[in-house]
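Undergrad: Below are the chains, spelled out letter by letter.
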Amino acid sequence: MIEVKDIYKSFGENQVLKGISAEFKPGVTTLIIGGSGSGKTTLMKNMVGLHEPDSGKVLYDGRDFTSMNTHERIPIRKEIGMLFQGSALFDSMTVEKNIRFPLDMFTEQSKAEKLDRINFVLERVNLAGKNKLYPTELSGGMKKRVGIARAIAMNPKYLFCDEPNSGLDPKSSIMIDELIKEITEEYNITTAVVTHDMNSVMGIGDHIIFLHQGKKWWEGSNKEITSTDNQELNDFVFATKLMETLLKK
Amino acid sequence: MIFYHFGKYILLLKAIFRKPEKLSIYKNEIFKEMVDIGLGSLGIISIISVFIGAVTTVQTAFQLTSDLIPKSIIGGITRDSTILELSPTVCSLVLAGKIGSSIASQIGTMRVTEQIDALEIMGINAPGFLILPKLLAGVIMIPMLVIVAIFLSISGGYLAGSASGAVTAAEFIQGLTTDFIPFTVVVAMVKAFVFAFIITTVSAYQGYYTSGGALEVGQASTKAVVISCIAILVSDYIIAQLLL
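The listed protein sequences derive, respectively, from chains A and B. So that you can map any letter, position 33 of the first sequence is 33 in this note's numbering, and since no number is skipped, the others follow by simple counting. So that you can map any letter, position 29 of the second sequence is 29 in this note's numbering, and since no number is skipped, the others follow by simple counting.
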């Protein structure tokens with residue numbers, strides 16, 4: 001479980017996070033949603049240590065990540081997998097080498113064991129046989145799936161996904177969402193997904209945290225999100241005509 | 001502002017020299033970078049060096065109009081100016097453009113496409129993994145390139161002197177071998193080592209702290225070349241003052 005306790009973060013005069021507390025449970029896909037500038041990506045970056053909070057704590061199964069130095073954080077980092085908005089695959093490496101990279105760095109597995117693991121995770125994301133392709137030869141959806149394969153290669157306990165659907169067509173987007181949810185449940189991973197995509201919210205939002213102006217404004221599930229009287233949340237949820245039309249039906 | 005950047009640069013250097021996660025992977029990266037930096041720059045360094053030597057010989061001959069000065073001195077002047085200044089400094093300035101811009105744009109692109117964030121999330125020391133192999137490859141290969149440049153430059157001078165009739169081959173070789181001070185080669189190697197350190201680390205710094213997009217990567221690349229060139233010229237003067 002990941003616990004975020006009273007996180008504050010400012011960039012100069014601009015206070016982005018204003019005392020956010022939340023819990024992320026294993027086997028549950030928690031969605032962090034909100035409009036642009038609401039602080040959702042900043043919250044995730046504070047959780048994984050890419051930014052340091054001004055105050056507050058992030059606990060990974062009780063271990064205080066924020067008080068650790070770079071060296072002390074390494075064991076926790078090895079338990080974290082992350083899917084980036086632009087996939088962040090290493091351009092100079094093939095799909096296979098991208099996935100093998102963390103295995104080479106942190107495990108003593110033989111070449112055959114590593115290859116087995118690579119083939120297993122590629123099969124898991126429906127990309128079997130694409131080992132030798134370079135990131136430039138992949139579509140946006142395939143890149144995201146390789147990103148997921150790389151993120152789960154080390155059997156992470158915690159998975160972070162930053163805007164996993166951005167730039168994808170609706171079909172690929174649903175595929176990525178379902179994959180994240182399946183992996184989370186299958187391996188009992190604690191998963192946090194930053195998104196503003198309402199399809200994801202309705203599809204995989206078991207647990208949703210809505211941020212507004214740097215504060216946690218609402219928390220619940222996708223079953224509750226359409227029936228709340230929270231004005232800011234309703235403005236966000238019903239911002240698209242499609243959502244409005246579907247719910248009327 | 002200068003002190004802020006200098007402080008950040010020193011902190012980056014500290015991070016670069018942190019203990020590597022797995023030496024075998026770093027070793028492979030170092031060899032790859034040695035090929036890129038060394039073999040990849042051999043062509044341009046060879047061409048430049050031959051012409052530098054040729055031009056130095058021809059222009060020195062043009063300035064020596066007095067019959068009282070033996071023509072063999074042209075060989076000596078070409079040798080000393082090549083070893084002490086032209087090969088290490090001019091080659092390093094060219095390499096700052098070639099290697100420096102490449103390092104800054106490569107690391108800068110990795111920064112803006114979140115590849116460096118991905119390394120950090122994995123628990124890898126990103127500055128060490130990305131910069132240390134380039135730095136080690138640079139300080140090994142650039143002095144070697146300078147040695148090649150010295151030989152080719154003197155050869156260029158020899159050929160140009162003979163071809164133009166400015167100095168005979170025998171006179172040129174006599175000049176080359178007279179009053180040679182081996183310490184000049186040591187100075188050239190010290191310069192090459194320091195310039196290699198500057199080119200790789202300054203360019204890596206510019207790339208590593210890039211933020212934004214493609215435009216900023218281009219700007220980082222330009223800054224890397226400009227700052228490296230200035231730092232090379234300043235340190236050239238300091239080394240000359242200290243060692244000669």
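Calculated from the structure, these hints are not laboratory results. Where hints are given, some of them may not hold.
[Said to hold, decoys possible] Reference listing, derived: stretches of chain B covered by chain A, where coverage requires no fewer than 3 residues with Cβ under 8 Å from a Cβ of chain A:
no. : segment
1   : 21-31
2   : 121-132
3   : 178-184
Just so we're clear, the structure is a prediction, and the values are computed from it rather than from any experiment. Note that the Cβ used here is the ideal one computed from N, Cα and C, for glycine as well.
Undergrad: If a hint holds in the structure, say so; if it does not, say that too.
TA: Going through the hints against the structure:
1. With 3 residues bearing a CB less than 8 Å from a CB of chain A, the segment 21-31 of chain B meets the requirement of three and the coverage assertion stands.
2. Note: the segment 121-132 of chain B has 5 residues with beta-carbon separation from chain A under 8 Å; the three-residue rule is met and the coverage holds.
3. Given as covered by chain A, the segment 178-184 of chain B fails the check, having 0 residues with a CB less than 8 Å from a CB of that chain where 3 are the minimum.
The structure fails hint 3 only (numbered hints given earlier).
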